[in-house]
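Chemist: The listed protein sequences derive, respectively, from chains S and L. According to the numbering used here, the stretch in the first sequence is residues 136 to 314, in order. According to the numbering used here, the stretch in the second sequence is residues 2 to 123, in order.
Read the hints as simulated data drawn from the structure, not as lab findings. From a predicted model like this one, the values you see are computed outputs, not experimental measurements. A few of these clues could be false.
[Unchecked claim] Examples of chain S residues lying across from chain L (beta carbon under 8 Å, computed): (1) Asp206; (2) Gly249; (3) Asn287.
[Claimed, not checked] Away from chain S, derived, C-beta distances all over 12 Å, residues of chain L: (4) Met20; (5) Thr24; (6) Asp51; (7) Thr60; (8) His76; (9) Ser78; (10) Phe81; (11) Phe83; (12) Pro87.
For each residue, glycine too, the CB sits at the ideal point set by N, CA and C.
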Amino acid sequence: MDAPDPQDGLVAVVGGSAMATGEATAVTGFVENFAQDMGRYSIAMGEAIFQASAYSSEPGGALAAVGTFLDVSGADFIFERETDQAKQGLHDASARAELDYFSIDIHGWSPPHGPIVIDLDQSFGHHQPFGHDPSSGNFAQVIAMAEAHGANTLSATLTSALTVENQFSFVHGMAMVAL
Amino acid sequence: MSGSTNTFLAAMNSTAHAMGDLTATKTATAAAVLPGASIGFAAAVAVAQDTSPHTSATTGGVVSGGSITSSHTDHVSIDFPFGPNPVSADFSITTMSTHGDSDFLSGYSLSGLMGPSVHGLF
């Protein structure tokens with residue numbers, strides 16, 4: 136397999152973060168990213184799922200926020216789907232964000248007007264249960280994975296989790312692939 | 002208002018880089034904080050096959066908050082520059098954990114920062 140032209144390089148970074156404030160909080164994150172050189176073309180795909188839940192005995196003391204992001208460079212086609220949900224109550228709050236993507240880079244060819252991007256963005260109010268049930272304590276957990284196959288590849292992941300007793304939970308995660 | 006607030010942190014990173022006509026890289030990190038403890042894990046693998054292959058795999062991280070902290074890192078590098086298909090491979094794994102009474106941000110009362118203050122009004 137010959138090394139691809141430098142202009143055909145494909146780089147994709149996907150990730151997100153979640154935070155919750157309250158006496159009892161729980162936040163989680165999951166990130167997965169994959170890329171492969173298929174010869175005439177390369178593909179990259181992945182997902183990020185972040186959730187946050189909070190409970191506070193003080194009215195209005197519970198907050199939950201989540202976010203995801205995607206950055207793709209060098210792809211000719213990018214399909215992206217984002218789903219966000221959030222619920223805010225008097226004593227509890229929860230939020231969930233999910234992002235999936237798939238991208239293709241055809242070697243030696245580029246769309247005449249730049250990359251073709253299809254982005255589906257769905258936001259919901261609260262209609263169904265989601266997230267965790269933070270009964271007590273402050274929890275934070277995040278996992279990130281990245282994998283690349285081809286000529287001259289790079290994979291990198293970064294995760295961080297932070298809690299402050301009786302007050303706060305935070306996670307951040309990202310995964311990067313390049314080939 | 003005085004007293005300390007238990008604060009736990011875990012942050013991990015991993016990077017794998019491979020140069021050659023035929024390469025594979027894989028990385029994974031995980032960080033978890035639960036009441037009284039924080040745990041971190043990072044792994045990286047890089048493999049390359051070429052006439053002059055090059056690989057690099059690094060992992061690291063930081064955990065904070067507990068009174069007892071432990072960490073462990075393993076790194077293995079293999080280069081086999083013989084035959085028609087020389088191979089290079091790097092592996093790295095890091096695990097970290099901390100638990101016990103918190104001393105991170107000790108002396109600072111975060112609950113005081115979050116609550117109302119009347120200092121200086123009387």
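Chemist: All hints, please: hold or fail.
Modeler: Here is what the structure says about each hint:
{"no.": "1", "hint": "Asp206", "result": "violated, 17 Å"}
{"no.": "2", "hint": "Gly249", "result": "violated, 28 Å"}
{"no.": "3", "hint": "Asn287", "result": "holds, 5 Å"}
{"no.": "4", "hint": "Met20", "result": "violated, 5 Å"}
{"no.": "5", "hint": "Thr24", "result": "violated, 5 Å"}
{"no.": "6", "hint": "Asp51", "result": "violated, 8 Å"}
{"no.": "7", "hint": "Thr60", "result": "violated, 10 Å"}
{"no.": "8", "hint": "His76", "result": "holds, 16 Å"}
{"no.": "9", "hint": "Ser78", "result": "holds, 17 Å"}
{"no.": "10", "hint": "Phe81", "result": "holds, 19 Å"}
{"no.": "11", "hint": "Phe83", "result": "holds, 21 Å"}
{"no.": "12", "hint": "Pro87", "result": "holds, 15 Å"}
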